[in-house]
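Enquirer: Chain A is already provided as a structure; the job is to place chain B on it using the hints.
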Amino acid sequence: MTGDEWSIGDRLRIGNDSTAESENRSAADLESPLSQGSPASDETSGRIDVTDLTVSFGDVNVLEDVSFTVNPGEFVGLVGPNGAGKTTLLRSISGALDPSAGTVTVDGVGIDDCSSKASSRLVAVVPQETTLSFSFDVRTVVEMGRHPHRGRFSPPTATDRRAVDRALDRTRTAQFEDRAINEVSGGERQRVVLARAIAQETPILVLDEPTASLDVNHQIETLELVRNLVREGRAVIAAIHDLNLAARYCDRLVMLASGTVQRAGPPADVLSAAALRTAFDVNAAVTENIVTETTTVTALPDQEPKALPDSVHVLGAGTTAAGTLARLDAAGVETSLGPVPSGSAAAETASQLGVDVIATEPFAPLSRGPRDRLDRYLDTQNVMVLADFEVSAGNQVVLDRLLEHDPLVVVESRPLAERNFAGAGARGQYEQLRERSVTVSPDRVLDALDAVSAGESAGPSPETRSDDRAAASESHPYWKDN
Amino acid sequence: MTHTGRILTYSLALTALLVVVVVGSAMLGPVRIDPITVSKAVVNHAGLTAFDVSTAHQTIVADIRLPRIVLAAIVGFALAAAGTVMQGFFRNPLADPSIIGVSSGAAAGAVAAIAFPALVPLGGIHLPAFVGALVTAFLVYAIASEGGRTPVATLLLAGVAIQAFLGAMISYMLVHSGENLREAVVWLMGHLHRSNWSDVAFALPVTLVGVIVLGAYTREMNVLLLGEEDAHHLGVDVERTKLLLLTLATIVTAAGVAVAGVIGFVGLVVPHMMRLLVGPDHRILLPTSALAGASFLVVTDTLARAGPAEVPVGIVTAAFGAPFFLYLLKNREVHTL
Chain A
1 MTGDEWSIGD
11 RLRIGNDSTA
21 ESENRSAADL
31 ESPLSQGSPA
41 SDETSGRIDV
51 TDLTVSFGDV
61 NVLEDVSFTV
71 NPGEFVGLVG
81 PNGAGKTTLL
91 RSISGALDPS
101 AGTVTVDGVG
111 IDDCSSKASS
121 RLVAVVPQET
131 TLSFSFDVRT
141 VVEMGRHPHR
151 GRFSPPTATD
161 RRAVDRALDR
171 TRTAQFEDRA
181 INEVSGGERQ
191 RVVLARAIAQ
201 ETPILVLDEP
211 TASLDVNHQI
221 ETLELVRNLV
231 REGRAVIAAI
241 HDLNLAARYC
251 DRLVMLASGT
261 VQRAGPPADV
271 LSAAALRTAF
281 DVNAAVTENI
291 VTETTTVTAL
301 PDQEPKALPD
311 SVHVLGAGTT
321 AAGTLARLDA
331 AGVETSLGPV
341 PSGSAAAETA
351 SQLGVDVIAT
361 EPFAPLSRGP
371 RDRLDRYLDT
381 QNVMVLADFE
391 VSAGNQVVLD
401 RLLEHDPLVV
411 VESRPLAERN
421 FAGAGARGQY
431 EQLRERSVTV
441 SPDRVLDALD
451 AVSAGESAGP
461 SPETRSDDRA
471 AASESHPYWK
481 DN
Chain B
1 MTHTGRILTY
11 SLALTALLVV
21 VVVGSAMLGP
31 VRIDPITVSK
41 AVVNHAGLTA
51 FDVSTAHQTI
61 VADIRLPRIV
71 LAAIVGFALA
81 AAGTVMQGFF
91 RNPLADPSII
101 GVSSGAAAGA
111 VAAIAFPALV
121 PLGGIHLPAF
131 VGALVTAFLV
141 YAIASEGGRT
151 PVATLLLAGV
161 AIQAFLGAMI
171 SYMLVHSGEN
181 LREAVVWLMG
191 HLHRSNWSDV
201 AFALPVTLVG
211 VIVLGAYTRE
221 MNVLLLGEED
231 AHHLGVDVER
241 TKLLLLTLAT
251 IVTAAGVAVA
261 GVIGFVGLVV
271 PHMMRLLVGP
281 DHRILLPTSA
291 LAGASFLVVT
301 DTLARAGPAE
311 VPVGIVTAAF
321 GAPFFLYLLK
331 NREVHTL
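Protein chains in written order, with this note's numbering: chain A, 1 to 482; chain B, 1 to 337.
Bound conformation, chain A alone (with noise of 0.2 Å):
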């Protein structure tokens, strides 16, 4: 986790504002010195233990044989597609399902053996839905979260009082505690049980899907609210639709496809491209957000089967670069890079997908080294890629080596004169290569790699290049849009 993600937590007010935090502590401790702040001063540590648990709903195994443990201080997100039995896993650990085979532990006994009132200790569940369709108060939703610490005939303590204060506050319910729940949004909502079940002040927190109905501002704050509730010493485990948000948030992530546990480790380990084609069966780039330095997914349309070719080559340094070589990496095809500058994006992104990339420095003009690297693939590489090339002094070279060059694709999202930096020259040279080649915009780069494959095999001599788009638009449905 960064440190500018924390600073977005305290300007939201719902970080763990450590000042404001150990005032809160202290004057709870001058009420009643036997009160116990927050639950990670509790004995009770919270480690979860799943093994080998099978859960069948008639003779159907919803999980089968699934294991791994979540400790104290640890954010463990679970994915999976829709039906992958996420929910089911929860419930189990809540004590809500009795499972077919294996356990569930928490801090070493069965779950399932504890009573509801021993297990609401231990775990506070928010549910991914709740009937919330009376008009209770905010309020009394909250101290609902106070039910297993209460006896049938006493009134509430003050640590109950303020246990129920603090989870309002920190959940930023408190300023409409007085409202029916049934009145106020989806979003306020969820925020209410959440803070009921931060009131239950469990060593455990299960969460199904907490962000689901939120808006991004507060799938952000609610994630680095949980974030501190770990941080204070909570086991939390949660299921998370949101992959990027799961990989942003979570220490660990287990991924569940069809009832099995598919991968488990940190995101950047457990989110692979084959592992989301395989669990999710989605065509998905993997990539390094820029901001929050977190594993990124983007998932792709499906391709219709193309005939790709099966090495490409890209030029260009910028982020339209960057976004050529995830689709390509997501298709399948091999792909090398350069010469960029080393730390431009297209070489961040090449690293991260482990392309193979001719790195030059920064501003120095194109060496011997790297020209003679890129004349290796101009001989050996099929298909050369020029994607929104930035045309300097320095990098002119290499327009001279393309012009010989054949197939080329040129990607573009930006005009030609917003990357030129060497003149009139350039710009010729340039527009030749460009008479040459199948141009296109970023998300259409498979199609025309699609369009050149198909004209190789065609066999149309350089010559007739220019009628490309003509042979093209018979085989390939996207030409005949144009």
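Just to be clear, a hint being listed does not mean it is correct.
[Stated by the list, open to error] Quick list of the computed label-pair ranges, beta carbon to beta carbon:
id, chain 1, residue 1, chain 2, residue 2, range
1, B, 319, A, 153, 37 to 43 Å
2, A, 158, B, 19, 22 to 28 Å
3, A, 158, B, 47, 42 to 48 Å
4, A, 107, B, 153, 35 to 41 Å
5, B, 157, A, 293, 45 to 51 Å
[Said to hold, decoys possible] In silico SDA-like cross-links for lysine to any residue, where the CA-CA straight-line distance does not exceed 20 Å:
id, chain 1, residue 1, chain 2, residue 2
6, A, 117, B, 148
7, A, 117, B, 243
8, A, 117, A, 98
9, A, 117, A, 105
10, A, 117, B, 218
11, A, 117, B, 239
12, A, 117, B, 240
These are calculated hints, taken from the structure and not from any lab test.
Every residue gets a Cβ at the ideal spot worked out from N, C-alpha and C, and that includes glycine.
Expert: Relative to the frame of chain A, chain B by itself:
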């Protein structure tokens, strides 16, 4: 105002209303008696003092009117309390105490005792009705239970089916009840006619104990409104609590129905009225509904007996309760719990 303060304020106000209604009701009848005399007679009957009241007035108030009024209050108290519990329990605004067949069971027992007194060994009507109600409720519960769980929806459907079956049985018995038909029909309509202190002695202890124990579970009732799984996560032993609530609500309803017959609408309308006034929190809703139910039935029974010809009180509660409920439905949005 604190929460407890609010409960106390409402409860005291409704108790005061009940006292006023009881005294007012005891004034009315073929012989009009002034409120001072009524109050004196009541205190005399309680054996606290010996005010100077004429024997005629003392007899009319203490032996004729008061047992009926007190019984009306107890039955109203019981039905409204049970209705509150049932609506919360089923999370259904349509639920009333008869929903799992308690009233039909009581009716079947009572009609059997009236129509074929020789065949029913329990004697009288109270006990057969009470037993019929309990047996039916537990039959429904047993049918709806599976693998240690009792889904509320199954319970509701089983209740409806059993009610239909018992309805058929009751009709059959009525057809063959001969000269006892009129008595059976009057009982079925709900009546407080010819009530005496022994009816009170039967219904009062059961109702009081039942409602007081229910009062200890109001927090669980609130949590159960969140749904059974949430309630489990909040430390409520759901199946045990459901069984307990159902048992108590059934016993309380059965006690009321056994002495007064099937009086509809009290258990449905009163909790809704009180919910509009005090909100859905059972900690305040249960006591206030029970007290308001007591006043409601005393008032409706007074209307039932004070008219030119006495009618069964069940007719009055439905005749006044249903339009009032419709008014609430249209104007005050009674469509949720």
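Enquirer: Tell me if the straight-line CA distance from residue 117 of chain A to residue 148 of chain B falls inside 20 Å.
Expert: holds, 18 Å
Enquirer: Is it true that the CA of residue 117 of chain A sits at most 20 Å from the CA of residue 243 of chain B?
Expert: Distance ~17 Å between residue 117 of chain A and residue 243 of chain B Cα, so the pair holds.
Enquirer: Run the distance test for residue 117 of chain A versus residue 105 of chain A: straight-line Cα separation, threshold 20 Å.
Expert: holds, 16 Å
Enquirer: Hint check: residue 117 of chain A vs residue 98 of chain A, CA-CA at most 20 Å. Holds or violated?
Expert: holds, 16 Å
Enquirer: Taking 37 to 43 Å as the hint, is the beta-carbon distance of residue 319 of chain B and residue 153 of chain A inside that range?
Expert: This hint holds: roughly 42 Å between Cβ atoms.
Enquirer: Regarding the pair residue 117 of chain A and residue 239 of chain B, is the alpha-carbon distance no greater than 20 Å?
Expert: holds, 13 Å
Enquirer: Just to be careful, I want the Cα atoms of residue 117 of chain A and residue 218 of chain B compared with a cutoff of 20 Å; is the pair within it?
Expert: Roughly 17 Å separates the two Cα atoms, so the pair holds.
Enquirer: Holds or violated: 35 to 41 Å for the Cβ distance of residue 107 of chain A and residue 153 of chain B?
Expert: Holds, at about 36 Å.
Enquirer: Tell me if the straight-line CA distance from residue 117 of chain A to residue 240 of chain B falls inside 20 Å.
Expert: The given pair, whose Cα atoms are some 12 Å apart, holds under the 20 Å limit.
Enquirer: I want to verify a distance hint. Is the separation of the beta carbons of residue 158 of chain A and residue 47 of chain B within 42 to 48 Å?
Expert: holds, 46 Å
Enquirer: Look at the Cβ atoms of residue 157 of chain B and residue 293 of chain A and judge whether their distance stays inside 45 to 51 Å.
Expert: violated, 56 Å
Enquirer: How does the Cβ-Cβ distance of residue 158 of chain A and residue 19 of chain B compare with 22 to 28 Å: does it lie in that range?
Expert: violated, 38 Å
The structure does not agree with the numbered hints 2, 5 stated previously, though it agrees with the rest.
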